[in-house]
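Chains as they are written, first to last, in the working numbering: chain A, 1 to 174; chain B, 1 to 823; chain C, 1 to 240.
Incorrect hints may have been included.
As the list claims (entries may be wrong) - One side only, chain C facing chain A, incomplete, derived with CB under 8 Å:
{"id": "1", "residue": "70"}
{"id": "2", "residue": "74"}
{"id": "3", "residue": "216"}
{"id": "4", "residue": "217"}
{"id": "5", "residue": "219"}
{"id": "6", "residue": "220"}
{"id": "7", "residue": "221"}
{"id": "8", "residue": "225"}
{"id": "9", "residue": "236"}
It is worth saying that the hints were derived from the structure and are not from the lab. These numbers come from a predicted model, not from an experiment. Each residue gets a CB set at the ideal place from its N, CA and C atoms; glycine is no exception.
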Amino acid sequence: MSIGHTLLGLLESGPRHGYDLKRAFDEKFGHDRPLHYGQVYSTMSRLLRNGLVDVDGIEPGDGPERKRYAITEAGIADVGQWLTQPEKPEPYLQSTLYTKVVLALLTGRSAAGLLDTQRAEHLRMMRVLTDRKRGGDLADQLVCDHALFHLEADLRWLELTAARLDRLAKEVGA
Amino acid sequence: MNNSRRTAVNNSLRTRSGGLRTGAVDPGRAIEVGRTEATGVRGWVRDLALGARFAVTGGRRGWTRTALTAIGVGLGVSLLLVAASLPHALQSRDAREDDRRVSALDGKPPSDRSFLFAETETRYRGDVITGTVFRPDGRGPTAAPPGLTRLPGPGEMAVSPALAELLASPDSALLKNRLPYRTTVTIGDTGLIGPGELRYYAGVTSLDDDSADGRGDAFGGVKQQGEPLGAVLLLVILMACVALLMPVAVFIATAVRFGGEQRDRRLAALRLVGADRATTRRIAAGESLGGALLGLAAGAVLFALARLSASEVTIWDVNAFSVDIVPNPLLAVLISAAVPIASVAVTLFALRDVAIEPLGVVRNAAASSSRRVWWRLLAPAVGLALLLLQAGEVTMGSADIATYQIAAGAILVLIGVTVLVPWLVEAVVSRLDGGPVPWQLAIRRLQLSSGTAARAVSGIVVAAAGAIALQMLFTSVESRFTLSTGADSGRAQLSSRADVRDGSVAPRVFEAYAGTKGVDAVFGTIEATISRPGPRRADEDFIPFTRLTVGDCPSLRELASLPSCEDGDVFTVREKRELNSYPYLPRAGERVDLAEERLGPDGEPLKTEAVLWRVPASAEQVSMRTGPMGEQTGGVLATPSAVDLAKLSRPTVSTLLRLDAEVPEAEEYVRNTAARLDPLAQVDALHDTKYTSQFASVRTGLFVGATLTMLLIGASLLVSTLEQLRDRRRLLSVLVAFGTRRATLSWSVLWQTAIPVLLGLTLAVLGGLVLGVVLLAMVGEPVADWWVFLPVTGVGVALILLVTLLSLPPLWRMMRPEGLRTE
Amino acid sequence: MSGQHSDMSQQHSEPAQALLSACDLRKAYGPTPALAGASFAIRAGEVVAVMGPSGSGKSTLLHCLAGIVRPDSGTIGYGGRDLTAMTDAERSTLRRTEFGFVFQFGQLVPELSCAENVALPLRLSGAGRKAAERTAFEWLERLEVDDVGRKRPGEVSGGQGQRVAVARALVASPRVVFADEPTGALDSLNGERVMRLLTDAARQTSAAVVLVTHEARVAAYSDREVVVRDGTVRDMAGAL
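Take the sequences, apply the hints, and build the full model.
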């Protein structure tokens with residue numbers, strides 16, 4: 001996720017202090033990991049440098065810097081461009097799981113056991129997410145669903161691989 | 001699905017149909033289906049042909065349905081063909097009988113080629129055996145009846161194959177004794193009216209002018225007018241035809257739609273590839289047409305088989321040669337045209353409320369919920385009007401009826417009752433609610449689609465209504481056709497009467513019978529006519545006469561209440577005034593003339609010598625008693641020694657026999673004795689009542705027909721129930737998973753069959769009673785029995801049970817959990 | 001395979017807790033074995049997902065556990081009784097009174113209204129029509145489909161129909177609900193709604209749920225899952 005673009009986007013609705021920005025970010029997108037304030041500071045400096053934001057004003061006070069940032073025309077154009085640019089689909093070609101399975105086969109360990117363990121772990125995670133969905137609001141549900149669908153995809157791969165272990169064993173020469 | 005969406009889908013498909021001409025899925029079919037613009041006769045023919053092809057290419061289940069239709073239609077068609085063959089078969093029988101009848105030489109002198117003949121009839125173990133016996137007058141060549149090349153010589157006998165078989169059977173000794181002739185030849189088929197006829201021709205030397213029926217010199221050429229049927233019997237027969245054939249027609253109409261609803265669903269696929277609504281309808285009609293044509297062929301085959309085995313089957317004591325069973329060509333053409341046309345018409349009619357859509361079949365609820373009742377009442381109203389116009393027109397005396405008007409009226413009434421069934425079933429079922437689970441399942445099912453059930457039931461309704469009307473007609477006019485003979489079969493069981501030259505032979509006859517095995521008692525009398533001596537008086541048209549009955553005391557006691565009786569006694573019996581059969585009763589001591597009055601060729605009485613006998617002065621007047629045969633004999637009763645039997649002129653020897661119930665075949669022994677005494681003797685069984693035989697056969701015919709019809713309809717009900725169950729196999733398994741009991745679902749099947757049938761029967765009873773009352777108004781008879789509908793409704797109820805019972809094993813088979821696995 | 005068996009015997013060392021347990025079930029349809037020594041146990045109030053590839057014997061296991069199909073060999077314990085030793089009538093009564101069922105499709109009686117469908121199990125057990133339909137409406141409300149109570153199944157959407165089916169499965173307060181691919185014919189949104197309502201309701205009534213599914217997201221609504229493979233059952237908790 002591009003934090004710079006996200007913060008820029010949040011600024012589009014009106015100028016904000018750096019601390020406000022962090023709170024808005026955490027509230028909407030930081031479900032698992034809240035943004036570190038240092039990150040906000042460094043990002044805003046970069047944006048300022050690139051002319052995508054202006055300092056709208058500095059409020060005097062004893063706390064840390066109380067700069068108010070506002071988005072520039074170039075900034076608005078940049079956000080627009082980011083949103084219209086499709087994200088590159090993740091190809092997932094380098095998979096730790098695949099590597100583990102092949103290694104288990106090559107070293108004569110139980111690949112089936114490995115897959116089953118992974119499967120149970122995946123399902124455990126899915127159950128946790130499902131539970132969270134039950135009590136959560138729509139944002140929770142959407143975020144959890146995103147994760148659930150990915151986990152489900154992994155799980156399907158685990159099932160398919162389990163069903164084709166014998167062939168794989170032959171092909172990797174174990 | 002709502003209407004606007006339906007139209008939209010339809011349009012989009014229409015525009016797409018052009019593209020489908022180069023079809024991707026199944027090029028051949030898509031091309032044919034896609035070209036929906038072509039209309040007119042060619043379009044019709046093409047779509048019907050396509051549908052007919054589907055009928056035989058629909059996979060295993062499709063085939064099963066087509067086969068069911070073919071069998072159903074086939075059964076119906078073969079019945080119709082048999083009915084269409086009846087006129088010719090009956091004509092042939094009459095023609096065959098005419099051809100072998102001796103053409104009598106009335107009053108002409110005997111010649112070298114002439115012969116005396118007499119017809120005989122006897123019964124052997126219930127079967128009638130008829131024969132003709134001959135005695136040629138000269139030595140010249142005589143004509144021979146059909147099936148023979150010459151008349152059998154003296155003591156020789158020609159027999160029909162059936163009689164030959166009977167005579168050859170090991171236990172036919174009794175019959176052989178009765179026909180004491182040498183069998184020399186078998187009668188050919190041309191001389192018989194049916195293959196099973198028991199008939200013989202024999203040469204008999206004892207035949208003389210007195211005992212013969214007449215003299216002839218040729219066979220055939222004499223058309224004998226049969227006993228005219230009479231208007232009432234004609235009406236009964238006409239109604240029987242209508243009542244029997246209407247259900248067959250309805251059954252055929254049901255059969256062409258066997259599995260039709262599943263087919264319609266399949267046709268939805270055709271809509272997907274771009275066929276328009278009219279085209280799918282025509283294709284659906286074509287499928288029915290295919291089944292109907294196969295059914296027509298099946299019917300022809302079944303009929304041919306039935307025809308081949310006709311000689312093996314005897315219905316109503318009658319059987320016929322296969323060659324005589326030929327359908328009336330006009331009727332045959334009518335049947336072969338009507339069945340296919342009806343199949344198309346029925347399908348189009350059934351589909352009028354159904355929209356076959358690309359995604360499935362939609363019953364147009366709006367159209368079916370407003371089942372109108374008025375046009376359904378129109379047909380019976382017109383029918384009743386037609387019939388009421390004939391009220392009082394059909395009388396015993398007249399010999400003809402307004403056949404077409406009455407038939408049309410009756411058919412309209414029955415059709416009206418039939419088309420009221422769907423309306424009534426829907427109207428009633430939609431008001432039902434509540435009740436236990438099986439009942440609820442059944443009524444909800446009927447509420448969702450009562451049409452199928454109602455259609456199947458309509459056959460029962462038309463059959464039942466027709467039968468009820470007929471039964472009413474029957475029971476009310478029965479008395480006219482049932483003659484109470486007055487006989488009392490408890491006092492005597494057999495009667496034999498023979499005209500003899502004089503009374504002297506009588507004692508020998510009585511002794512012979514008394515000595516016959518199985519005879520318990522013989523009441524023998526000699527009956528002669530006696531008249532007042534002297535010439536006719538001026539004020540008289542004829543010389544007064546009365547009857548003289550001679551018999552021993554026990555025999556006379558059967559005819560009159562005798563205070564005492566000894567041989568030599570004479571009694572006089574005054575008739576009841578209302579009988580008035582004898583105008584005269586001699587007083588005791590008065591003289592009477594025993595000689596018979598003979599008529600000369602000119603019809604004038606011949607002068608004969610008077611044979612005078614005096615009624616003894618001691619003759620007592622006694623009161624009359626009804627004899628065993630129901631006869632009431634007046635006149636003079638005499639014991640044998642009171643009068644010289646030899647002086648009695650051409651008396652009748654009458655023997656009444658009481659049989660020993662313990663002796664089997666006592667009747668056959670008596671018939672043998674009779675045949676030994678006189679080959680022409682006839683022995684009759686005493687019946688308390690007797691039906692006019694024609695009436696009896698119509699009645700039997702009705703029962704046979706009604707049974708067949710009901711069975712056919714039962715079969716079609718069963719088929720539709722099973723189809724429905726098969727469609728719900730998965731649901732049944734789910735219900736079983738739930739723990740639903742067999743009994744619950746069995747009861748639901750019962751109710752589902754019973755509700756429409758019972759409603760239908762109610763309608764049938766009403767319609768039948770109304771029709772019956774109108775028919776009775778036509779013949780001017782009151783209703784004799786309002787409860788005649790009970791047996792018919794009983795049959796209906798039995799049918800419900802039968803259908804339910806037969807559908808239970810498949811139901812239970814389908815209630816197994818394996819159905820859950822068909823995903 | 002033998003390793004899996006020992007896992008199972010471990011699990012069955014505490015049968016006192018199990019509400020419904022099966023041991024070494026074998027069942028063949030013709031020459032193909034559907035179950036080859038499958039064992040299973042479920043505690044009261046537990047939701048267990050039965051997963052596995054198609055044709056692995058999931059449905060057969062469910063049919064056996066529910067007493068719909070009698071296994072060729074093995075025992076099924078429920079409430080101290082062996083289902084395999086019970087007569088057909090006894091098992092029918094058990095299914096009617098103690099079990100509830102949800103299938104993938106085609107389970108609602110098309111001519112009955114949705115409320116009447118839900119009332120059916122109560123009525124089959126002899127309840128009066130009025131009372132049964134009142135209870136049915138309460139359940140329809142719980143499953144958020146009380147608005148379709150008067151409609152016929154043909155007139156409601158797939159998701160609504162499936163929720164009606166869930167209501168019917170729960171209406172007689174069963175101890176065990178058997179759900180065979182209950183979301184198989186639904187999109188994920190409707191499927192998850194059905195699953196949420198089914199598991200919520202089951203928890204509230206502390207009914208056990210045997211949930212046959214091949215979708216992991218559906219199985220995620222369970223407390224525990226087992227995998228059927230080649231006619232035997234593998235407990236995934238035991239694999240950890």
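Hint check results:
1. 70: At about 30 Å, which exceeds the 8 Å cut-off, the nearest Cβ of chain A leaves the hint on residue 70 of chain C violated.
2. 74: violated, 24 Å
3. 216: With a minimum Cβ separation of about 4 Å from chain A (threshold 8 Å), the hint on residue 216 of chain C holds.
4. 217: holds, 5 Å
5. 219: holds, 7 Å
6. 220: holds, 4 Å
7. 221: Holds. Min distance 6 Å.
8. 225: Check passed: Cβ of residue 225 of chain C comes within 6 Å of chain A, closer than 8 Å.
9. 236: holds, 5 Å
In this structure, the hints that do not hold are numbers 1 and 2, in rising order.
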